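Use the sequences and the hints to build the structure in full.
Take a look at the letters that make up each chain.
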Amino acid sequence: MTDTAHAVHLETSTGLDNRKLAIWTFIGSECLFFATLISNYLVHKETWLTGPGPFPHEAWTSPGGQVFEPIIEIPLVTLGTALLLFSSLFVVLALANAQRGNRKGLLLWLGATLLCGLFFVGMQVYEFTHFVHKGLTLKTNLFGGSFFVLTGFHGTHVTLGVIWLATLWISAFRGKIPPAKSLNLEIAALYWHFVDVVWIVIFPVVYLIK
Amino acid sequence: MDAHASHTPTQEHGHPTVGAYVRIGIVLFVLTALEVGLYEFTYGERAGAAGAAIEPFFVPLLLLLSAVKFALVAMFYMHLKQDHRLFSGVFIFPIIIATVLILGLVVLEAYHFAFARAG
Amino acid sequence: MATTALDQQRAHAAAGHAPPTGLWSWITTVDHKRIGILYGATAFSFFLLGGIEALLLRIQLGTPNNTFLDPETYNQLFTMHGTTMIFLAIMPLSAAFFNYIIPLQIGARDVAFPRLNAFSYWVFLLGGLFLNASWLFGAAPDTGWFGYANLTSKQYSPGLHVDFWMLGLQILGVASLAAAVNFFTTVLNMRAPGMTLMRMPIFTWMSFITQVLLLLAFPVITVALILLMFDRFFGTNFYVPSAGGDPMLWQHLFWIFGHPEVYILILPAFGIVSEVLPVFSRKPLFGYAAMVFSGIFIAFLGFGVWSHHMFATGMGPIADTYFALATMLIAIPTGVKIFNWLGTIWGGSIQYKTPIYFALGFIAMFIIGGLSGVMHASPPADLQQTDTYFVVAHFHYVMFGGSIFGLVAGAYYWWPKMFGRMLDEGLGKLHFWLMLIGFNLTFFPMHILGLNGMPRRVYTYPEGLGFEQLNMLETVGSFILATSFLVFLINIVKVWRGPRNAPADPWNAATLEWSIPSPPQEWNFERVPAVHGRDPLWEAKRERGGPLPEPERVSGKGIHLPNPSYWPLVSAIGITAMMAGLMLIHQLGPWGIIAGAAILFLGVFNWAFEPAG
Chain A
0 MTDTAHAVHL ETSTGLDNRK LAIWTFIGSE CLFFATLISN YLVHKETWLT
50 GPGPFPHEAW TSPGGQVFEP IIEIPLVTLG TALLLFSSLF VVLALANAQR
100 GNRKGLLLWL GATLLCGLFF VGMQVYEFTH FVHKGLTLKT NLFGGSFFVL
150 TGFHGTHVTL GVIWLATLWI SAFRGKIPPA KSLNLEIAAL YWHFVDVVWI
200 VIFPVVYLIK
Chain B
0 MDAHASHTPT QEHGHPTVGA YVRIGIVLFV LTALEVGLYE FTYGERAGAA
50 GAAIEPFFVP LLLLLSAVKF ALVAMFYMHL KQDHRLFSGV FIFPIIIATV
100 LILGLVVLEA YHFAFARAG
Chain C
0 MATTALDQQR AHAAAGHAPP TGLWSWITTV DHKRIGILYG ATAFSFFLLG
50 GIEALLLRIQ LGTPNNTFLD PETYNQLFTM HGTTMIFLAI MPLSAAFFNY
100 IIPLQIGARD VAFPRLNAFS YWVFLLGGLF LNASWLFGAA PDTGWFGYAN
150 LTSKQYSPGL HVDFWMLGLQ ILGVASLAAA VNFFTTVLNM RAPGMTLMRM
200 PIFTWMSFIT QVLLLLAFPV ITVALILLMF DRFFGTNFYV PSAGGDPMLW
250 QHLFWIFGHP EVYILILPAF GIVSEVLPVF SRKPLFGYAA MVFSGIFIAF
300 LGFGVWSHHM FATGMGPIAD TYFALATMLI AIPTGVKIFN WLGTIWGGSI
350 QYKTPIYFAL GFIAMFIIGG LSGVMHASPP ADLQQTDTYF VVAHFHYVMF
400 GGSIFGLVAG AYYWWPKMFG RMLDEGLGKL HFWLMLIGFN LTFFPMHILG
450 LNGMPRRVYT YPEGLGFEQL NMLETVGSFI LATSFLVFLI NIVKVWRGPR
500 NAPADPWNAA TLEWSIPSPP QEWNFERVPA VHGRDPLWEA KRERGGPLPE
550 PERVSGKGIH LPNPSYWPLV SAIGITAMMA GLMLIHQLGP WGIIAGAAIL
600 FLGVFNWAFE PAG
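Residue numbers (numbering that gives the first Met the number 0), protein chains in the order written: chain A, 0 to 209; chain B, 0 to 118; chain C, 0 to 612.
For the record, the hints were derived by calculation from the structure and aren't laboratory data. Be careful, since some hints might not be right.
As the list claims (entries may be wrong) - No more than 30 Å apart at the CA atoms, straight line, and that leaves these computed lysine-lysine pairs for DSS-like:
1) Lys540/C <-> Lys352/C
2) Lys180/A <-> Lys80/B
3) Lys153/C <-> Lys133/A
Here the structure is a predicted model, which is why all the values come from computation and not from measurement.
As C-alpha cells, then:
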C-alpha cells in the first residue's frame, strides 16, 4: 500500500519509498521515448538537404531562386538553455528549504523555478512562431517535421512540469508541504531535472551540430 | 528499515550544501557557454583557420561537454551520487539501451540511404 | 477444522467484513484480486472475439476462390485478429495473473499503487472498446497488426481504419506502461521479509523481467505511432518516400518494439510453466538460477535482434549477418530453459492433473515453434519463408502453442485459489486433447503450405496449386480448436454453480499464495509471512512432517486497506476522449481533445488529492 500523508511509514524491501522508485522507473522509460525522437531527428538529417528549405544551419536556394537563410538563432536558445539549467538549481534549493521547514524559502525558490520554466516555454513559443514566419512549418520539410515534433514534445513535458510544480507551489502556500511531505516536491523535482537533462542532449544535437 | 518519506540533510551522508549546489549551477552555465563558444569558434562568422582545424573534433568535444553537464545534473541535482544504487541502475540501464538504439538506427538508416543512392 | 462455505460467510459477515458486492464496488475497486479477475474476464472475451475472427478467416480459406468474405473484409479481419490476440488477449491475460498472483506470491497485501492498477485496467478496457468500435463505423483497421508504412499513409489509407488502429494502440500503451511501473515497484519493494530476489517464485521473476521489457519497448512504438499520427493528421512526411521520408524507419521502430513484445508475450507463460511443472512433478524447479538468468539474458538480447523481421528489405550483408547471429544466439538461453524443464520432470512423481497436461503441451509446441524460429534466423532461408504460411505456422506455434497453452495451464492451476472451486478434471483433460489436436491440425500444415509457396495475407488462392486439401484440413482443425474452448466454458459454468469449497492448497504446492484461504480474504495475509528460502510452503510442510492446517478466515479487524476510488476510471475516460477527439479533429477542431484533457485533469487532480486511505 502506498505511503500517504498520515499513514504509518511502510517498510519496503529496498528501504526506498515506492513513489520515488516509481518516478525513477518512469524516467527510465522516458529515456527511450526521447531517444527514439532524437533518433528520428538524426536519421532524417541524412536526407532533408534535398529541400525544400529553410534549414537550421545552411543557406539554401530554391529552384525558383528564392534564398532561405539558416534559421537557427543561437543566442535565444542559449538563454533558454541557461534558464532551464538555473531552474534545476532553483528547484534543488526549494527542496532544501522544504526539508528544513523554511516555507518562505521554499515559496521563493519554487517560484523562481516556475518563472524560469515559464520563460523557457515562452522562448519556445516565440521560436516556433518565428520559424513559421520564416517559412518553416511541420509540413515544409523533414527538418521542420522532426524539429517541431522533438522540441514540441519536450516543450509539452516542460509545460506539464510547470503545471505540476505550480500545483505544489499552491500547496506550499497553504502550508501543506511540511518537511514530512517534502517527498512530494522531491518527486516533482526529479521529473523536472529529467526534463532539463533531456534538453541538455537536445541543445547541442539540434542547435549546435550541423 | 523505514521508508524515507522525508529526508533532512543531516540524515544523509555527504549531502551537498547550498553552496555546492550553487557552484554546480555556475559550472553548468560555464559549460553551456563553452559549448556555444566552441560552436562560434568552429563555425561562427569570425571562425578562421583554427576553426576549420578543430572541425573534426567538434562533435566529440561538444558531446563530451553535454555528457559532463548531464552527469552533473544527474549525480548532484538528482542526488544519484548520494542515493541508493538502485536508482542509478534504474536510470543508467535504459540510457544504455537508448544509446544502442540511437546508434543502431542511425547506422542502419545511413547505410540504407547510402545503399539507396548508390542504386 | 472443516467448515462449510456458508459457515465461513456467516463468520465473515459477523465480523463486519462482508466483501462488497454490486456493480459500484467493481467500478471503484482497487483490490488487485478483483482487478485481476476483471482483466481475465475482459481478456478472455476479447480472445473469443479474436477466435471468431479467425474462424471467419478459416471459412474463407477453406476452399479455393471462395467468396465468403470480400478482400476488404478479409483484410480487416486478419488485422483485427492479430491486434486483438496480441494486445487484447494474450497481454491482458498475462496481466490478469500479474495482478492476482504476484502480490500473493511475494506476501504482500496489494500492489504498490492500487489506484494506478485500477487505472491500467480501465484504460485497457476502453482501449479495447475504442479499437473494436471501428467495426461499427465499417472502418476496422485493415493494414495488418504491424501497420507497415507507407500503406498506412493518408494517401493509401484515406479512411478511418488506420486512425482507429493508431490511436487505439496509443491508449493501450498507456495501460501497459502504467501497469509496468506499478509491478516493477511492487516486486522490488513489497516482498515479504526474508524474500530476497533469488528466493522469489519464478513466475514473479519472469513477470518482473516482462515489466522491464514493457517499460523499455513501449516508448518506441509510442513514438513510431506519433510520427504516423503527424503524417496522417498534420501533413508531415516521416514515412513518405516521395518527400524524403523513409518507410523503413517505420519497420525499424516497429520491430524495435515488436521483438521485445514477443518476449513480453512468452515470458509470463514461461513463468507459469515453471511453477506448474515442479508442483505436479513433486520436485523443485531444476536450475532456478539458470532459469532466472536465462530469462534476463533473453530479455536483454531481445533488444538486439529486431531486424530479423526485415531480412527481405535489402539491409545489406553486414546488417543481415549481425542480426542472424544475434537471433541464433537467443536460442541458447531458450534451450537452457527447455532442458531445465525436462530436468524438473525427470525422476519426479508426476501427478496427472490438467495443469501439467497444458504445461507439457506447452513444452512440445514451443519447441516446434522455436525450431521454425531458428530456421527463420538464417537470412537466405528466411528469404524463402518470409511472407509465406511458414511464418504464420511459426508464430502460432509460439504464441498459441506457447503463450496460450501456458496461460491456460495457469488458469487451471490457479482457478481454485481465485474462485474457491476446482475445475472439473475430466472436462479439463478433454479441453486439453481437443485443443492439442485442433491446434496441430490447424497450424502444422501451414509449415508445408508455406514452403510450397502459399503466401500470407491473401484472401483466397486459385485451384491447382496443391493448397486445397491442407487448407480444408486447417479449417476443420480450427473448429476443433474452437470446440475445445467451448468445453472450457462448460467447465467454468458447471463448476460455478457448485459449492465454493476448494481448500487453500489443493495441489500440495510450494509458494505463498497457497498458504491463505481460497479465495483469499481482501487483505490476503493476516500476518505478513516471513520467508526463509525458495518454496516456503514445502519447507514448512517438511518441518511439520505433514500437510499444513487449513488456514482460518479471520475478521481482519485492524488491517488497513486502501480506499476504493472512481477517479482512475474518470482519468481513463479522459485519455480515451482525448484520442477520440484527435480522431475527430477535422470535425471538432481542438475542442474534442481539450474536453478529453479537461476530464483527464479532473480525474488526475482528484486522484492526487483524495485520501488514499
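Status of each hint after checking the structure:
no.: 1; hint: Lys540/C <-> Lys352/C; result: holds (21 Å)
no.: 2; hint: Lys180/A <-> Lys80/B; result: holds (23 Å)
no.: 3; hint: Lys153/C <-> Lys133/A; result: holds (27 Å)
Checked against the numbered hints given earlier, the structure satisfies every one of them.
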